[in-house]
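Participant: Based on the sequences and whatever the hints tell you, model everything.
Chains as they are written, first to last, in the numbering used here: chain A, 19 to 418; chain B, 19 to 418.
Calculated directly from the structure, the hints in this document are not laboratory data.
It is possible that some hints are incorrect.
[Unchecked claim] Computed list of lysine to aspartate or glutamate pairs in DMTMM-like fashion (alpha-carbon distance at most 25 Å, straight line):
# : chain 1 : residue 1 : chain 2 : residue 2
1 : B       : K41       : A       : D112
2 : A       : K213      : A       : E203
3 : A       : K28       : B       : E271
2 protein chains.
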Amino acid sequence: MVYDYATKVKGTQGSPIRDAIVKAQGEGFISFAAGFPDPQAIPMEKLSRISQEVLEEYGIEVFQYGESIGRAELRQQARKFINMDYDVLKEGDDILVTSGSTQGLYIASKIFLNEGDVILSEDPAFSGAFASFRSNGATIRGIRMEEDGVDIAALEEAMASEPKPKFFYTIPNFNNPTGYTTSFEKRKAIYWLAKKYNVIILEDNPYGYLRSAGEDLPAIKTFDTTGHVLYAASLSKIISPGMRCALLCGAKEIIAKAVIQKSLIDSSTPIWNQLVMAKFLEQTDMRNHIRYISDIYERKCELMHETMAATFHEDVKYGKPEGGMFIYFELPDYINLQDFVNEAAKMHIAVVPGSAFSVEQPQRCNGVRINFSIPTVDQIIDGITKIGALTHRLCGDQIN
Amino acid sequence: MVYDYATKVKGTQGSPIRDAIVKAQGEGFISFAAGFPDPQAIPMEKLSRISQEVLEEYGIEVFQYGESIGRAELRQQARKFINMDYDVLKEGDDILVTSGSTQGLYIASKIFLNEGDVILSEDPAFSGAFASFRSNGATIRGIRMEEDGVDIAALEEAMASEPKPKFFYTIPNFNNPTGYTTSFEKRKAIYWLAKKYNVIILEDNPYGYLRSAGEDLPAIKTFDTTGHVLYAASLSKIISPGMRCALLCGAKEIIAKAVIQKSLIDSSTPIWNQLVMAKFLEQTDMRNHIRYISDIYERKCELMHETMAATFHEDVKYGKPEGGMFIYFELPDYINLQDFVNEAAKMHIAVVPGSAFSVEQPQRCNGVRINFSIPTVDQIIDGITKIGALTHRLCGDQIN
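Facilitator: Structure (structure tokens):
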């Protein structure tokens, strides 16, 4: 049979991150592509012990259907955790437990987007979010990301344009892929613009707790007294991605709509997963826990950056992120990005071309995203040294 | 802020099943509304033991990201199980692990439906599926369900109509809410029509294994040599709904599209849940297990049916289903359905009006769905006796 698919999924591609991994498979394979947590940073033993507690304490409840909005235990613990340092969530806000924050982004686009609607996004930003927005009918307009956050003048111009954008997508902490963090001033400006033009902010914060340097900044949601900000909080990078538990937070009215969509998408996040996460949050000094895992990532980031400094050609430009899981480097204009990625893949090293994260003019992007959380210390030294040699080979070829 | 939601979610209502439960809460509350498994039928101890095995055997893998298509272990075990009695799945078919079969239905509609597309459905059928189809832009056309399956002449006429329907939704075993089972002949006819008119069959089989009488019949998918049938298999009713593990099965090309949508919706079903289910299938004689749980439901169905026979007014019509979790009864024309449901709710008894499951003319529906899997023996006797008295009160009021 010849299938007649929906128009908006016809062109949908698989993940460019996964493509990069598949292409580079082989002997001595090193992946700098995925954003998996370091196994050392996943509290496996504690989670396994808590699993036992949950099964004993809750019994049959674990194995029955649950409420679509999520378990009260997890929603309470999550609120406490999210509001640990700032009043991110207010009285009028509610929390939906989602199966990963990917699902939170999907549901947010589902409830707001009609076919052909425009949304705004930091450019570059997370490719998986773009796929989600597009699969719900969106046309994305990219707003240039600068080292201290999005270009505010360009954001205002875009918010004031017709057709009116439905929301603005932002990753204020350690933007994926650039690692850039939005400054305090720009966070306030973004919220102010949202209010002025009545555009929702979809604030995605998967990496915020993984800060190894610089000062912690409040979420944009912290300023929100008017229900303009939807906040997607993840537990994947700080506890475990395999649990598939995250939180979509916002005005009660929006969350009520989100709950209905959640009920259609998977009925509810499984109970075991929610209760294990709730108990973990309850039993853990999260400040200590976060310090412990941030230290792991700080050491790896440091090592990757040092190795780059020691081995990369001087024409390759990069900064040192204050947290997150990625370093982003820009190749000189005279190097072809795809050639570079392919040459790395031939050496069985997976890196993700920045073009995958670009909205406007991906063909002009010459950036590369490399991950330091999942490779081992040896893989970082070995892989980066090889990439460094590759930069010299390709840059040198051009100069000579 | 005043929110501007997507058109297709504006009118989306919460579940009528949940509404019925909420309305009837109170002292001595008895729910005949939900389709939860009997706690006795959930193999809790075995699942808890297997959980421990999985955590010990797989360690950190349980807590990392997984592939969107699902774990090979579960996909293999599920294929063996699904093909236990018939060759339901063929060489050319693939399996996607979904977070409940609700998600399978959602993904199927997502990949096929454009805004305004028409789909066909047995009428009545599962309200949650309708909500899913509609939230993906579908207009549903209902085809009258008869005791031996859908009206085949009406189905052919609808398949031949313009605009061409994208798929036909069917629950051939113990249709929800009626309990009707599609005959062998009608199954063959449905597949033959699907081929003739090139319309996909979306075959939903949550209850097929819960047969307490009559002869087991092959899934429509069993006849499928041309990729016309998408088959949603559930493990919720026979193992545990809380695990949120189900299977969407069909032609490799469709499943490849489904995997991409799954990656956007929740990245993957959590690993722990998948591995526990895989091991359960591997370690269990599923024929024995199914016989054990079918016996539980057979006894409850028998008891409910007997109590109805002893207490219901003779103008109320109903059959005795050969399996599933529900009995469906029709009130006489002179009784108002909503009055009946409201009166039951006043007695703290939750029943679901059949109108919730109707596509065409829900206002003319006078059926009521009652569940026998979750209430206890005492609740069945007590609740049905009260409903019986209510039928006499309402019918008698009219006759006198």
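Participant: For each hint, tell me whether it holds in the structure or not.
Facilitator: Verification of the hints:
1. Simply put, B:K41 and A:D112 have alpha-carbon atoms about 23 Å apart, close enough for the 25 Å limit, and the pair holds.
2. Of the supplied pair hints, the one linking A:K213 and A:E203 holds, its CA atoms being roughly 16 Å apart against a limit of 25 Å.
3. Note on A:K28 and B:E271: the hinted pairing holds, with a Cα-Cα distance of about 12 Å set against a maximum of 25 Å.
This entry satisfies every hint, going by the numbered hints stated previously.
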